[in-house]
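Residue numbers (the numbering used here): 243 to 678.
Among these hints, one or two may not hold up.
The calculated lysine to aspartate or glutamate pairs, modelled on EDC-like cross-linking and capped at a C-alpha distance of 20 Å, are [said to hold, decoys possible]:
| no. | residue 1 | residue 2 |
| --- | --- | --- |
| 1 | 403 | 667 |
| 2 | 478 | 284 |
| 3 | 396 | 647 |
| 4 | 674 | 329 |
| 5 | 674 | 654 |
| 6 | 484 | 667 |
| 7 | 327 | 647 |
| 8 | 581 | 636 |
| 9 | 290 | 307 |
| 10 | 478 | 512 |
| 11 | 581 | 335 |
| 12 | 403 | 633 |
| 13 | 403 | 663 |
| 14 | 396 | 610 |
| 15 | 529 | 610 |
| 16 | 476 | 445 |
| 17 | 478 | 335 |
| 18 | 581 | 633 |
| 19 | 390 | 369 |
| 20 | 484 | 282 |
| 21 | 478 | 663 |
| 22 | 365 | 445 |
| 23 | 290 | 268 |
| 24 | 484 | 661 |
| 25 | 403 | 610 |
| 26 | 476 | 339 |
| 27 | 566 | 584 |
| 28 | 327 | 282 |
| 29 | 438 | 618 |
| 30 | 476 | 532 |
| 31 | 484 | 512 |
| 32 | 327 | 369 |
| 33 | 365 | 307 |
| 34 | 302 | 315 |
| 35 | 478 | 329 |
| 36 | 476 | 661 |
| 37 | 566 | 636 |
| 38 | 365 | 308 |
In short, the hints are calculated from the structure, not lab data. Remember, it's a predicted structure, so these values are computed and weren't measured experimentally.
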Amino acid sequence: MHFFSTTDSNLTANFRQALLSGLAPDGGLYIPASIPRFSESELTNLSKMSFAALAAEVTKVFVGDEMPPSDIEAMCRAAYDFDIKLEKTSRGDIFLELFHGPTAAFKDVAGQFMGHSVAYFLKQSAEEKNILVATSGDTGGAIGAGFKNQPGVKVFILFPKGGVSSVQRQQLCTMGGNVHALEVEGTFDDCQALVKQAFSNHDFNRRYNLMSANSINVGRVIPQSFYYLWASLKLKAQYPNKRIVFSVPSGNLGNITGAYIAQQMGAPIEHLVVANNRNSPFVDFLKSGDFKPRPSVPTLSNAMDIGHPNNYYRLNYFFPDGLKTITKLFSGATYSDEKTAENLVNYFASTNYLMCPHTSVGHLATTDHQINHPNDLVVTVATAHPAKFRDEVEPLIGSAPILPESLAAIMDRTPEVTDLEPNLDALEAYLKTMQQ
């Protein structure tokens, strides 16, 4: 398997090269040269596997002979020592819960995969990497947890000042060791633009031996296909006559891109619903055919406050005919904070099932899709534990969500954070001090 740049198909890389570089040399995003499709018999076998075992089988296809099969299997067992759950509520709604990992968010699935796979390849070459990652909340925590104490790696997490929840900030700023938190004066889009600028500057990139861990890195997107393949196969076995649809709370579009890759591999997914908050350039594109990035605005579902989603360019490459083909698989919906909060409160009152604000956006889209398609089995992707947003959730329901053990353990730690202006000179000045 090889990968090539979305802006120049002549720029190719194997999995290791694409993983350790992040962006292609021309600034494009790496995509697989082809997406393998499993046969019906292979899908039947995959449907009987544990999540870790299925993840290993998919990884083998993309990694090829760059890693022995036994090492891939061991890596996936080590990465996925937590549950992926399909939870059915008293109202019959199904949630794909992806928040049972070490940082209580769906980004752990990709973060743990990246941490183990990068460590494997760096150990072979005795190479060192500085990982630069922008986060709107959950990515940074998951990448920090995935790479914490990994040899040959330093992690620098850029997050927007005032743009993450208090629990997310505590998580980002208390990892310590080889994980460093940088609080940027600006929005997530400013953080993301700074990371892209650093990678696009070849001298800067080479001087600091940078690696990206955002979803611009194909090593983030591929493992996000694992849970869509796993969940859809489990559901199809249970509901063989149902059309399976996933409603995905979306920001940078890495999660929905993972769902598309799974569908192309043979996952029985009939449709994908993109659920946005007020930051909705992709949903607007689905309606108009015109992609217009714009400055992000703050919302209750802050991890989706992204006005220029990078993975649009991957999806655009996969669908060269634009709306003519993309709307056959994708639809989208946008929701206000008021609707998000109202839905969260009402659903908790009627079912005792508590969603985070992002999951509430996804569930609103589920409900609306089912109005027009009542026979579809629509699964809401639950992206984060509600306790990660307790400052937002507590005023709505009148009590604080109980922190899972992994979050409770960090709340009394003293944060360590560096303020950073959103420009390359400030970033370089900081990285220089870290090399001394």
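Hint check:
1. 403 - 667: Given pair residue 403, residue 667 holds - Cα atoms ~19 Å apart, limit 20 Å.
2. 478 - 284: This hinted pair holds, its Cα atoms lying about 15 Å apart.
3. 396 - 647: violated, 26 Å
4. 674 - 329: Cα-Cα ~47 Å, so violated.
5. 674 - 654: Violated, at roughly 31 Å.
6. 484 - 667: violated, 55 Å
7. 327 - 647: Roughly 18 Å between the alpha carbons, so the hint for residue 327 and residue 647 holds.
8. 581 - 636: holds, 17 Å
9. 290 - 307: Given that 20 Å is the threshold and the Cα spacing comes to 25 Å, the pair is violated.
10. 478 - 512: Holds. Residue 478 to residue 512 sits at ~11 Å (cutoff 20 Å).
11. 581 - 335: holds, 18 Å
12. 403 - 633: holds, 16 Å
13. 403 - 663: holds, 10 Å
14. 396 - 610: violated, 44 Å
15. 529 - 610: holds, 16 Å
16. 476 - 445: violated, 48 Å
17. 478 - 335: holds, 16 Å
18. 581 - 633: holds, 18 Å
19. 390 - 369: holds, 17 Å
20. 484 - 282: holds, 18 Å
21. 478 - 663: violated, 49 Å
22. 365 - 445: The given pair, whose Cα atoms are some 25 Å apart, is violated under the 20 Å limit.
23. 290 - 268: Measuring from Cα to Cα gives roughly 42 Å; hence the hint is violated.
24. 484 - 661: violated, 51 Å
25. 403 - 610: Measuring from Cα to Cα gives roughly 34 Å; hence the hint is violated.
26. 476 - 339: holds, 14 Å
27. 566 - 584: With Cα atoms ~35 Å apart, residue 566 and residue 584 exceed 20 Å; violated.
28. 327 - 282: violated, 24 Å
29. 438 - 618: Violated: residue 438 and residue 618 sit about 39 Å apart, past 20 Å.
30. 476 - 532: It is violated: about 36 Å lies between the C-alpha atoms, which goes past 20 Å.
31. 484 - 512: Within the cut-off at roughly 10 Å; holds.
32. 327 - 369: Violated, at roughly 37 Å.
33. 365 - 307: holds, 17 Å
34. 302 - 315: With a Cα-Cα distance of about 9 Å, the restraint between residue 302 and residue 315 holds, given a limit of 20 Å.
35. 478 - 329: holds, 15 Å
36. 476 - 661: violated, 46 Å
37. 566 - 636: violated, 44 Å
38. 365 - 308: holds, 14 Å
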